[in-house]
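Asks: Protein chains in written order, with my numbering: chain U, 10 to 401; chain L, 10 to 401; chain P, 10 to 401.
Take the hints with a grain of salt, since some may be wrong.
The list cannot tell twin chains apart, which means a pair is met if one copy fits it or any two copies do.
Said to hold, decoys possible - Result set (BS3-like, lysine-lysine): computed pairs, CA atoms no more than 25 Å apart in a straight line:
id: 1; residue 1: Lys273; residue 2: Lys261
id: 2; residue 1: Lys273; residue 2: Lys84
id: 3; residue 1: Lys222; residue 2: Lys65
id: 4; residue 1: Lys267; residue 2: Lys65
id: 5; residue 1: Lys48; residue 2: Lys358
id: 6; residue 1: Lys277; residue 2: Lys261
id: 7; residue 1: Lys84; residue 2: Lys267
id: 8; residue 1: Lys222; residue 2: Lys128
Note that these hints are calculated values from the structure, not bench results. Keep in mind that this is a model prediction, so the values were computed, not measured.
Now for the letters of each chain:
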Amino acid sequence: MSAPQQDAELYGETGLPASGLRNYWYPVLAAWRLRRRPKAVRLLGEDIVLYRDGGKVYALADRCAHRGAKLSYGKCLYAGSGTLSCPYHGWTFSGETGRCVAKLMEGPQAKIPDAAAVKSYPARVLAGVVWVFVGDMAAVPLEEDLPEYIAKTAEWSCISTWRTYRCNWTVMKDNLSHDQHAPFLHRTAPELLFQPIFPHASRNLAIPLEDGKGLGHVAEGGISSAEYPGLGRFPTRRESWFRILRPVGRGKEIDRDKSPAVVKYGIKFRQMSRLPSLSLIGRPSGDYFVCRWVVPVDAGTTLLYTFNLFRRRGPLAAIGDWLTWVLWLSWAHDWLFSEQDKWIVEAIKPGPEVLSRTDVGVVAWRRFAAANARRPQPAASRPPAVNDTAAE
Amino acid sequence: MSAPQQDAELYGETGLPASGLRNYWYPVLAAWRLRRRPKAVRLLGEDIVLYRDGGKVYALADRCAHRGAKLSYGKCLYAGSGTLSCPYHGWTFSGETGRCVAKLMEGPQAKIPDAAAVKSYPARVLAGVVWVFVGDMAAVPLEEDLPEYIAKTAEWSCISTWRTYRCNWTVMKDNLSHDQHAPFLHRTAPELLFQPIFPHASRNLAIPLEDGKGLGHVAEGGISSAEYPGLGRFPTRRESWFRILRPVGRGKEIDRDKSPAVVKYGIKFRQMSRLPSLSLIGRPSGDYFVCRWVVPVDAGTTLLYTFNLFRRRGPLAAIGDWLTWVLWLSWAHDWLFSEQDKWIVEAIKPGPEVLSRTDVGVVAWRRFAAANARRPQPAASRPPAVNDTAAE
Amino acid sequence: MSAPQQDAELYGETGLPASGLRNYWYPVLAAWRLRRRPKAVRLLGEDIVLYRDGGKVYALADRCAHRGAKLSYGKCLYAGSGTLSCPYHGWTFSGETGRCVAKLMEGPQAKIPDAAAVKSYPARVLAGVVWVFVGDMAAVPLEEDLPEYIAKTAEWSCISTWRTYRCNWTVMKDNLSHDQHAPFLHRTAPELLFQPIFPHASRNLAIPLEDGKGLGHVAEGGISSAEYPGLGRFPTRRESWFRILRPVGRGKEIDRDKSPAVVKYGIKFRQMSRLPSLSLIGRPSGDYFVCRWVVPVDAGTTLLYTFNLFRRRGPLAAIGDWLTWVLWLSWAHDWLFSEQDKWIVEAIKPGPEVLSRTDVGVVAWRRFAAANARRPQPAASRPPAVNDTAAE
Numbered sequence: 010m011s012a013p014q015q016d017a018e019l020y021g022e023t024g025l026p027a028s029g030l031r032n033y034w035y036p037v038l039a040a041w042r043l044r045r046r047p048k049a050v051r052l053l054g055e056d057i058v059l060y061r062d063g064g065k066v067y068a069l070a071d072r073c074a075h076r077g078a079k080l081s082y083g084k085c086l087y088a089g090s091g092t093l094s095c096p097y098h099g100w101t102f103s104g105e106t107g108r109c110v111a112k113l114m115e116g117p118q119a120k121i122p123d124a125a126a127v128k129s130y131p132a133r134v135l136a137g138v139v140w141v142f143v144g145d146m147a148a149v150p151l152e153e154d155l156p157e158y159i160a161k162t163a164e165w166s167c168i169s170t171w172r173t174y175r176c177n178w179t180v181m182k183d184n185l186s187h188d189q190h191a192p193f194l195h196r197t198a199p200e201l202l203f204q205p206i207f208p209h210a211s212r213n214l215a216i217p218l219e220d221g222k223g224l225g226h227v228a229e230g231g232i233s234s235a236e237y238p239g240l241g242r243f244p245t246r247r248e249s250w251f252r253i254l255r256p257v258g259r260g261k262e263i264d265r266d267k268s269p270a271v272v273k274y275g276i277k278f279r280q281m282s283r284l285p286s287l288s289l290i291g292r293p294s295g296d297y298f299v300c301r302w303v304v305p306v307d308a309g310t311t312l313l314y315t316f317n318l319f320r321r322r323g324p325l326a327a328i329g330d331w332l333t334w335v336l337w338l339s340w341a342h343d344w345l346f347s348e349q350d351k352w353i354v355e356a357i358k359p360g361p362e363v364l365s366r367t368d369v370g371v372v373a374w375r376r377f378a379a380a381n382a383r384r385p386q387p388a389a390s391r392p393p394a395v396n397d398t399a400a401e
Numbered sequence: 010m011s012a013p014q015q016d017a018e019l020y021g022e023t024g025l026p027a028s029g030l031r032n033y034w035y036p037v038l039a040a041w042r043l044r045r046r047p048k049a050v051r052l053l054g055e056d057i058v059l060y061r062d063g064g065k066v067y068a069l070a071d072r073c074a075h076r077g078a079k080l081s082y083g084k085c086l087y088a089g090s091g092t093l094s095c096p097y098h099g100w101t102f103s104g105e106t107g108r109c110v111a112k113l114m115e116g117p118q119a120k121i122p123d124a125a126a127v128k129s130y131p132a133r134v135l136a137g138v139v140w141v142f143v144g145d146m147a148a149v150p151l152e153e154d155l156p157e158y159i160a161k162t163a164e165w166s167c168i169s170t171w172r173t174y175r176c177n178w179t180v181m182k183d184n185l186s187h188d189q190h191a192p193f194l195h196r197t198a199p200e201l202l203f204q205p206i207f208p209h210a211s212r213n214l215a216i217p218l219e220d221g222k223g224l225g226h227v228a229e230g231g232i233s234s235a236e237y238p239g240l241g242r243f244p245t246r247r248e249s250w251f252r253i254l255r256p257v258g259r260g261k262e263i264d265r266d267k268s269p270a271v272v273k274y275g276i277k278f279r280q281m282s283r284l285p286s287l288s289l290i291g292r293p294s295g296d297y298f299v300c301r302w303v304v305p306v307d308a309g310t311t312l313l314y315t316f317n318l319f320r321r322r323g324p325l326a327a328i329g330d331w332l333t334w335v336l337w338l339s340w341a342h343d344w345l346f347s348e349q350d351k352w353i354v355e356a357i358k359p360g361p362e363v364l365s366r367t368d369v370g371v372v373a374w375r376r377f378a379a380a381n382a383r384r385p386q387p388a389a390s391r392p393p394a395v396n397d398t399a400a401e
Numbered sequence: 010m011s012a013p014q015q016d017a018e019l020y021g022e023t024g025l026p027a028s029g030l031r032n033y034w035y036p037v038l039a040a041w042r043l044r045r046r047p048k049a050v051r052l053l054g055e056d057i058v059l060y061r062d063g064g065k066v067y068a069l070a071d072r073c074a075h076r077g078a079k080l081s082y083g084k085c086l087y088a089g090s091g092t093l094s095c096p097y098h099g100w101t102f103s104g105e106t107g108r109c110v111a112k113l114m115e116g117p118q119a120k121i122p123d124a125a126a127v128k129s130y131p132a133r134v135l136a137g138v139v140w141v142f143v144g145d146m147a148a149v150p151l152e153e154d155l156p157e158y159i160a161k162t163a164e165w166s167c168i169s170t171w172r173t174y175r176c177n178w179t180v181m182k183d184n185l186s187h188d189q190h191a192p193f194l195h196r197t198a199p200e201l202l203f204q205p206i207f208p209h210a211s212r213n214l215a216i217p218l219e220d221g222k223g224l225g226h227v228a229e230g231g232i233s234s235a236e237y238p239g240l241g242r243f244p245t246r247r248e249s250w251f252r253i254l255r256p257v258g259r260g261k262e263i264d265r266d267k268s269p270a271v272v273k274y275g276i277k278f279r280q281m282s283r284l285p286s287l288s289l290i291g292r293p294s295g296d297y298f299v300c301r302w303v304v305p306v307d308a309g310t311t312l313l314y315t316f317n318l319f320r321r322r323g324p325l326a327a328i329g330d331w332l333t334w335v336l337w338l339s340w341a342h343d344w345l346f347s348e349q350d351k352w353i354v355e356a357i358k359p360g361p362e363v364l365s366r367t368d369v370g371v372v373a374w375r376r377f378a379a380a381n382a383r384r385p386q387p388a389a390s391r392p393p394a395v396n397d398t399a400a401e
């Protein structure tokens with residue numbers, strides 16, 4: 010886990026592979042969307058068919074080993090067997106191993122060579138989401154790749170949404186790497202509109218997390234307003250007279266001495282970046298995180314999976330959390346705030362960059378990810394692939 | 010006629026050129042669709058304009074030799090001359106030779122160099138269809154490329170339809186090379202739904218036709234049902250309880266001792282593959298064939314021309330044949346049955362294959378076609394190009 | 010100004026760069042279409058943002074130097090400063106120099122390296138149109154690239170329109186280089202329908218203009234009708250019986266001895282081609298020119314900017330000119346006549362050509378342009394870039 014991925018085409022000046030970091034678990038589909046019919050998805054440029062059978066979820070390469078038809082057009086003919094049959098000649102594949110277990114048009118005695126197999130992807134359901142491991146090694150346990158706020162479903166509840174962006178995954182992850190665009194781009198978002206301009210930092214830090222899986226972002230000495238020679242004040246009066254609220258919610262920083270997040274829960278960073286491609290943004294209360302997981306579909310398409318994570322504090326708080334999301338966050342953040350990011354990341358063209366002080370988090374993240382991304386281990390040194398379905 | 014075509018890009022693992030076999034006649038357009046206006050078609054990746062004049066049909070390359078405008082935007086200004094005039098500056102080309110015979114903007118004395126010519130394609134109308142020869146040699150007689158069931162219009166009547174598929178021509182021809190997908194893919198087609206699952210062969214043969222132009226396909230010892238260990242029976246009970254009819258029509262094999270096709274007419278094969286890219290599928294009665302001609306448009310597009318061929322047995326039988334097509338075949342076969350094939354061939358991605366016993370016909374066809382496809386002969390050794398219009 | 014542009018991909022057999030001739034001014038947008046919001050345009054394959062501020066028009070490369078976002082999504086936050094701010098992090102660029110003058114998220118003390126700049130394009134408004142200079146040198150004065158009929162706004166009034174064509178710019182310029190397609194292609198246009206077929210020349214000349222900026226086209230000894238052996242007369246009777254008018258307007262040539270254009274105004278050519286890519290077509294009266302400026306958008310897209318230029322002869326004549334355009338030219342020429350050209354140039358495929366006598370103007374133009382197109386001069390030898398807005 011120490012060298013960057015090799016032989017992959019890098020994206021622009023990021024030093025990261027254009028099609029995504031391999032050998033990680035990614036969230037790909039709301040579990041409720043996978044029903045009786047197999048479903049085709051695309052992940053890191055690979056076409057994959059997902060299907061359910063016997064209470065488990067399976068993921069196979071979506072191209073029959075026989076003559077190349079899409080397995081996602083096929084059916085699970087034998088309930089409980091965990092197999093999927095190709096629609097063309099009935100080659101039937103095990104979801105567990107990817108091996109062909111029957112050629113339905115040739116009788117049970119037909120020989121099945123080793124080549125009669127498709128790639129099988131480890132898949133699981135957790136927190137209402139189907140997760141798939143894409144890589145070139147035996148899968149690590151899913152929990153190894155999840156932030157505790159998602160993994161510990163007994164302590165955190167989760168409402169998740171998703172959206173597709175027409176951009177490379179690195180462009181979206183840059184956007185989420187504490188890159189100080191929020192005070193400017195999002196100054197008109199409902200969450201920030203009536204507060205002072207979110208302070209833009211004069212000192213930005215990126216500090217490795219203790220578990221080695223990412224970075225914590227810190228901003229110090231921020232300013233919200235300044236006079237620019239030859240131009241005038243930013244924000245202009247026209248954009249600031251209505252900013253009458255005090256900082257609250259998204260607009261309020263963690264107070265290292267007073268915030269419950271620090272004092273009560275020991276949460277050190279308000280914003281974190283983690284491998285392979287997710288960001289966690291918390292609140293001073295320590296009771297809420299939004300996790301935004303950037304899922305590479307292919308070099309030009311990205312799925313952004315958003316997890317609203319609420320600390321379980323009893324049934325009344327749960328109702329409050331749910332109402333908060335339905336009445337406010339779903340609209341103000343998951344839709345409008347995100348729409349501003351979508352608008353901008355889809356308008357970015359690759360090319361030379363001139364990085365600056367606002368990009369401390371971006372630069373730190375790119376270097377960290379390039380240096381620390383998991384690389385394939387010899388399969389023998391790892392436990393075999395896991396393919397169970399956890400309770401949601 | 011002994012070596013594969015050279016210098017052409019091959020498609021996947023087929024060993025056949027991606028853009029089609031050159032130096033053959035292909036059906037391209039229902040004759041009634043070619044009226045006063047020239048019509049642009051695409052064949053083996055070449056853009057061609059078809060037009061009618063003086064009772065003949067002509068085919069020219071659809072790009073003016075002068076400045077590159079589409080001749081299909083032009084007009085036949087001089088009825089009976091067999092010429093087509095470019096819309097831009099009026100260069101006028103002979104449909105017979107492709108040579109420019111007048112530059113209407115330069116007067117009759119204008120010099121016309123040899124380069125002032127476009128490629129001329131031999132074209133004919135037969136059985137209600139416009140046929141075009143695409144290749145690099147003088148055309149063979151059209152009848153040399155037609156199965157007798159189409160060529161002998163006095164003995165066979167014909168109802169033809171067409172449909173465009175988004176796939177390579179080899180994918181569609183594989184589908185028609187007796188590849189044993191019918192029992193599985195088409196088990197729900199109206200023609201087969203209430204019959205036992207069409208037997209899938211335990212022994213498949215491909216036998217060269219006597220005229221050297223193709224292969225006859227034979228299936229022996231087929232089974233319709235079997236128990237697969239760990240899975241269960243195929244077909245499942247859920248898919249088989251309603252299969253109460255006896256085999257009939259498409260579902261009934263030729264009986265080599267009793268079928269009129271063999272006894273009365275000497276037809277040896279129920280299913281045949283022929284160069285360049287057509288399949289013939291008959292009935293035990295010997296009175297009907299469906300001919301499916303796979304016409305390469307370009308490497309990613311295929312035109313499937315379907316000929317329903319009825320043996321002429323008098324006016325009453327003709328009415329019966331016509332009603333059979335209108336009330337049954339047009340719906341059950343040319344539409345629904347074909348739709349299943351279209352659905353699957355458009356879902357096939359090129360890549361490695363693991364061929365199997367069901368693919369005996371496919372493998373035999375690919376090898377036969379690669380080895381026996383016509384290759385250009387020196388023009389002198391052949392009769393000049395034919396460009397007549399036969400009575401339909 | 011003597012050698013063809015180097016290192017550029019040439020288009021077909023034209024000898025001219027596929028993306029257009031650099032180092033010229035081009036018309037890009039009607040001035041009234043540029044309002045408060047910046048506007049993205051594309052010119053010679055370069056993405057450019059236009060914006061207005063403080064009565065001037067500016068043009069910058071439409072990609073922020075910082076992280077690559079589109080500046081055309083940004084705003085002019087500081088009225089009168091001539092700056093445009095990137096929507097992502099607020100980098101603010103001078104329209105005059107292209108340099109970043111403030112990073113709004115980093116405070117006024119932030120260092121701004123030299124690389125923090127985008128390309129700035131000289132831009133001006135004249136005759137109601139925004140003009141942009143695209144090249145690799147300091148801009149020449151706009152008037153140096155304009156025909157006097159556009160430049161001298163006190164003597165000529167102007168009504169301009171535009172239209173986008175899906176073709177390379179050379180295809181459209183060829184069409185306008187006196188290439189003798191009008192008698193054929195446009196014989197059915199309203200302007201020519203009832204006149205004799207426009208004479209097609211038996212002798213075509215292309216004569217360099219005195220200012221060295223283009224060619225004058227001359228046609229001599231034209232014929233309108235001829236008998237073609239084996240075909241018949243062109244035009245055919247069917248196409249000519251209704252041609253009862255005498256030549257008028259567009260159909261009437263300049264008389265070198267009597268036409269006011271020559272006698273009164275000293276205009277030598279009825280039709281001229283000028284660098285970089287425009288054509289001027291006049292009338293014997295000398296009081297009207299149509300200027301058609303072929304603007305390369307990218308290698309496959311062309312903007313055709315049409316200027317209807319009327320000599321100012323007092324208020325009554327102005328009303329007459331305006332009515333002429335509204336009631337006749339806008340419909341008969343700018344729409345229908347042009348539509349015929351659009352139809353044909355979009356149907357031209359690149360490839361070999363067989364040039365002929367009708368192409369004298371085309372050949373002469375291609376050679377002239379390749380040999381005489383402006384090439385970058387050392388910036389020191391020229392006056393600095395001009396970026397003023399002229400009165401319209």
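Asks: Each hint: holds or not?
Replies: Hint-by-hint comparison with the structure:
1. Lys273 / Lys261: Intra 18 Å, inter 79 Å, cutoff 25 Å: intra-copy only.
2. Lys273 / Lys84: Neither: 51 Å inside a copy, 44 Å across copies.
3. Lys222 / Lys65: neither (29 Å within a copy, 52 Å between copies)
4. Lys267 / Lys65: So Lys267 and Lys65 fail the 25 Å test inside a copy (45 Å) and across (53 Å) alike.
5. Lys48 / Lys358: between (32 Å within a copy, 17 Å between copies)
6. Lys277 / Lys261: within (15 Å within a copy, 76 Å between copies)
7. Lys84 / Lys267: Classified as neither: same-chain Cα gap 57 Å, cross-chain 39 Å, threshold 25 Å.
8. Lys222 / Lys128: neither (28 Å within a copy, 40 Å between copies)
Violated hints, in rising order: 2, 3, 4, 7 and 8; the structure is consistent with all others.
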